[in-house]
Structure formats: C-alpha cells, structure tokens
Amino acid sequence: MHNTFTPCLKAEWLKKRHSFSSWLVIIGGSFTPLIYMLVFFIYPKQLADLHQSPGFWKMLFLRSWETMSLLLLPMGIVLAVSLITQLEFKNNTWKQLHTAPVSFSSIYFSKLMVILVMMLQLFILFNFTTYLSAVIPSMLSKKVPFPLYEMNVFYFLKENSIFFITCLPMVAFQYLISLQFKNFLVPIGAGLALVTAGLIAHSWKYIYMIPSTYTGLHFMEAATNKPSGHNIIALSLGYFLFFVVLGYVLYIAKKEKG
Amino acid sequence: MPKILFGMQQLTQTTCFADQIAHFAEKSYLTAGKFLLLLYIKSRTMYSVQTSGVFHHFSENDPVLKDIALQVPSGSIYGFLGPNGAGKTTTLRLLLGLIKKQQGSILIFDKPIENHRMEILRNIGSLIEMPSMYGHLTASENLRIWQQLYQCPYSRIAKALETVDLANTGTKKVSQFSLGMKQRLGIAAALLHEPSLLILDEPTNGLDPYGMMEIRDLLKKLNYEHGITIVISSHLLSEIEKLVTHTGIISHGQMVFQGTLDSLVSRQLSASKLILNTSNNLQATDVLKLLQLDTSIENGMLTIPIPEKEMIAQLNRELVKANIDVYEINPVQKDLETIFMELINQTTHA
Ligand SMILES: Nc1ncnc2c1ncn2[C@@H]1O[C@H](COP(=O)(O)OP(=O)(O)O)[C@@H](O)[C@H]1O
Ligand SMILES: [Mg+2]
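As you go down the protein sequences, you meet chains A and B in turn.
First residue of the first sequence: 5, per this note's numbering; consecutive thereafter.
First residue of the second sequence: 10, per this note's numbering; consecutive thereafter.
The shape of chain A in the complex, shown without the other chains (with noise of 0.2 Å):
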C-alpha cells in the first residue's frame, strides 16, 4: 500500500503556519514565564527570595507551572486543538481534503501529530523562557546575584515527560469532540466544561477519574513530594489511548465526509 502518512503529516504542517492555534502555542508557552519576569524585574526582592531557597531551578520551573499545569494549559489544549480542527470546518475544506487520495486514517493521525509536536513546541518555549525569567532580569538588576547554579537535567527532562503524558488525555478528548462538531461552541464548551469541572472538584474522592486534571494533580505531586496515591501515568496514557481509539473509530465511521 502506498504510503500516505508522511504526505499528509508534511501537509498538515504547512497549514497550521500563520494560523491562530500557532500563535497560541507562543503566547501560551512564554505567558507564564514572561509575567514572572516582569515580577522579578519590578520586585527583584522575590527572585533575590529564590536564590535562598534550596533547588533554585526547581523551584523557578514549579513556580511557572503552578498555574500553567492548573488552569492555563489545560484550557490552551482546548482552545488550540478545536482551531486545528476548526480550519477545515471553517474553510469548508473537509471535502477537499477527503477527496485527496490519502487514507482517511493517514488524516486523522497526521492531524493529531502535528498536535502533539505542537505540544512539544509549547513545552520547549516554555521551559526555554522560564529560565530567561530568572537570567534577564538578574543580567539587568544589581540587586540579584546570577544563578550559577548547577542544573539536574535528569529531574527536568523527566518532569517534562511526566507533565506531557498527563496533557495526553486532554489531547485526546477536544481532539475527538472538535472533529465530530461543524460548530466551534461545542468542543470549546465541553472543554472548558471538562477543565472547570476538573477544579470545582479538587478535594473530591474521585477527581482522579476526571481526565482534564492530570497536569494540575501531578504538580501537587510534585511541589508537595507527596504522592497522590493513584498512577497519574498510567491513568493519563490509559485515558489517551481510549480517546485517540474512540476518536478514530467516530471519525471513520462518519457517514458524511464533507
């Protein structure tokens, strides 16, 4: 069989330049850090605190997660995800797309792949402007020694890795209601709904079986070094796996393709 995988991957990257989810990955990727470098710049007192503590990285890289895990990321998965999928339905070009001589397959995971390497992006930039959060306003201000500590990098690729399973779920469910619905109110309202749902929650039994919480739970974990009592990773990839099947199977089974 031909392969129409690598054509549709190099075709989905080419339409997601200049649009509004590519923009999103940039904005969401440096807000957090960004407003706490103007924090720092204006209170340089708060990062001179830093240096004090134990764990200076450490503590910067939870300080920026604390509400990108939370609240932000989660609903920029929402957001960014449904305007992926959105440009076909806005565009009206499911059908053209559906009339190209590629499996329907090839579509659908091109699609989430670019998603997830988007994904990627977001977690580069974000780590990458965290960092500058502390080393610019510390070049510019006398008042802060320059952090010359040592940096495990062990710890961070492994946080990293943790904290993007854990947005796997998320991916996965707008990834599947944003493909199902021509109007953009719906996957956005379900996801948003989701979020929500998942912090209304928080002190709630079962929150762990709600899937849009498993970033915000696994930085609990890590700020407090208590462990939740439940597998974040395994119920995240378990939660992917389902969602990216289900998503698939509704997808293909669509009666009308455009």
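Just so you know, these hints were derived from the structure itself, not from any lab.
Treat the hints loosely; a few may be bogus.
In silico contact screen, one side only, chain B against chain A (beta carbon under 8 Å); selected entries [to be verified]:
no., residue
1, L107
2, K110
3, M139
4, L146
5, Q160
Result set (BS3-like, lysine-lysine): computed pairs, CA atoms no more than 25 Å apart in a straight line [claimed, not checked]:
no., chain 1, residue 1, chain 2, residue 2
6, B, K330, B, K282
7, B, K120, A, K258
8, A, K261, B, K109
These figures come from a predicted structure and were not determined experimentally.
Just so you know, even glycine gets a beta-carbon here, dropped at the ideal spot from N, CA and C.
Given chain A, work out where chain B with the ligands should sit, using these hints.
Okay, now just chain B with the ligands, sitting in the frame of chain A:
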C-alpha cells in the same frame, strides 16, 4: 474522439458480440487477438463515470435521489443540469465518496469507488460547491498543501496558478480574495495533479459574466488539448449550453433527460409549433380538423404542431376558401430553455 467512442459503444452493446468481432477482424486484416485487445482498451475507457440505480436519502422516507443513472463518456464535457435542490451536489458527493453510498452502483474509470478509493481519487480533480481553501494562507501556500497530498511536481503550482490567472497574487491571503478569485484557485487546485476527470459543482457560481466566460474557455481548452473528461453542474442551461457535449438533466432527484446536446437540440425541432392568427379561430379549428391537424388554442391563438411546408400552403388555402381572414402564420421554435423548463416541470406534476 467522443464520436468514435460512441460507435464503439453501440458495437459492444450488440448481442452477437463474438460474431461481430470475428467479422470485423477478418475484414480489417487484424488478428482477432489484436482486435480484442483494442476493443478491450476502448471499452475500458468508454465511460469515465457510470452509475445505475442510485438512491439516496438523508432522512427516512425522504429520498433525495431516485434511480440516478449517469453515463459520462470519456473525453466528453458533461453538463449536469437541474434546479436548486434537485440533487446535483448530492450526486457528485456520492461520486467522490464524500457520502456513503446507500443503494445502486457507482463506477468511476470502471471501478467501484468503495474498493478503489485512492486509486480513483488520484485521477480526479474536484470542486464541490463553495470554494474550499485555507483563508490564512496565500494561493501558492494553499496549492503547496495539495501538491503534497497528490505528490505531484512542485513546478505544477506555478503552472496551475498561471492557468487560472492567479500568478500575481503574491503574499495576499486567500481570505482577502474575491469570490471569483477563490473559485479560480479552487479550479487551480483541481487541475494541479493533471487529473483525467474533473468534477466541478457549479464552478461559475458568484462569478461575473466575464469570469464565467473565462472559465468556460479554460474548460474547453483543457478538454480539447488534454482530453480531460469534465462533469460540470449548473442550474442554468444558458451558462453551459455552449460548453457541453453531453447533458444529463435532474429534477427532484430524478433524471429526466440524458444524451448528447445534439439530441436535446433535435428535441427542440420536433417540439416546434405553428401559431395562426385568424378572424375566426373557432371556425378555423373545424377547417384544420378536416385536414387532420391537431389544433389547440393557446393565449387566444390557434396552435398546431409544425407541419410540412406543403401542408402550410394547403391549410392557408383552405382557410381563405372558408372565408376566414388569416392575419399571421408564425412558426415558433421552443428554445432550449423552454425544453429544459418543461423537462423539469414534468416531475413536479408527477
Ligand atoms: N446534508 C444534508 N442533510 C439533509 N438534507 C440534505 C443534505 N444535503 C442536501 N440535502 C437535501 O437534498 C436535496 C438535494 O440537495 P442538493 O444535492 O444540494 O441539490 P442541488 O445541488 O441540485 O442544488 C435538497 O432537498 C437538500 O435540502
Ligand atoms: Mg448544489
């Protein structure tokens, strides 16, 4: 080319198929094998699109298509005509596999789309309804996407843009294009991979008369120079009558005519009538009945199907003999548009 194919078609339809082949082979000093091969190749490419017994419904008990049988000869320009809501878009979407076939058979290049989807689509360029292009990208960025998906040479992008006169749009985003420009870009995308079959659903919708003419000329050229088969739908006969070689007319989900444009035109001749204006129509009716003419009165005028010219002279003599003044004898030919309207209206009353 279509004419030759038509002869071949009749040949293949004959029952004593084997005898014919033997006969022809002998006559033309061809070996039977060679001839069979030739015939096989010809017959394979006889129809680019062939459907039969296609029914479709979106909701229960509300069929949108009823027994659609399309035959699009290879190399033809096939005008698919019908008023809005007749089922043209639905039919074309079925051909492209955009909606699931419910009943009937659909063959494209002699193969069912269900099991040969990708192979068939590789040779089709399509444009269904509104333009479908990515608004946040430029014309060439859009074509770059389709160039990837169809895996055709990069150089095709510039050529296709030139063909539809969009080569100078540069960094302008498609969302800022006029409807006509978007439509032309859609055609460029359909042509990009040099397909052998073009399926265009109302491609001149929203275009000004000049734009329509340009597209018609382009399609003629593609058909003439590259032998591309074209299926083009429209709700206006006048828009495509100068373009198409064959036509199928659909109304309320049913085919009401299919054949060459010539055969539709010959219908026009047979459908012509003679209108008489006399001083006494009632009396004149009696006179004409004696001549065994089928008379009727339409809008206060006496109307008969057009007779031989000797008969026209004779009926005039008879009327004068009967002391009826004849003010006017007027042959009226129905125009294509009227025939089209009548064909469409047949199903309304059915
Ligand atoms: N997706 C759909 N769901 C339900 N009904 C539809 C759908 N698409 C078309 N129809 C109906 O099918 C009929 C034929 O529509 P269409 O094929 O678009 O006609 P045309 O292209 O000839 O104007 C119309 O009555 C239309 O309302
Ligand atoms: Mg239509």
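Going through the hints against the structure:
{"no.": "1", "hint": "L107", "verdict": "5 Å, holds"}
{"no.": "2", "hint": "K110", "verdict": "10 Å, violated"}
{"no.": "3", "hint": "M139", "verdict": "5 Å, holds"}
{"no.": "4", "hint": "L146", "verdict": "7 Å, holds"}
{"no.": "5", "hint": "Q160", "verdict": "6 Å, holds"}
{"no.": "6", "hint": "B:K330 - B:K282", "verdict": "23 Å, holds"}
{"no.": "7", "hint": "B:K120 - A:K258", "verdict": "23 Å, holds"}
{"no.": "8", "hint": "A:K261 - B:K109", "verdict": "9 Å, holds"}
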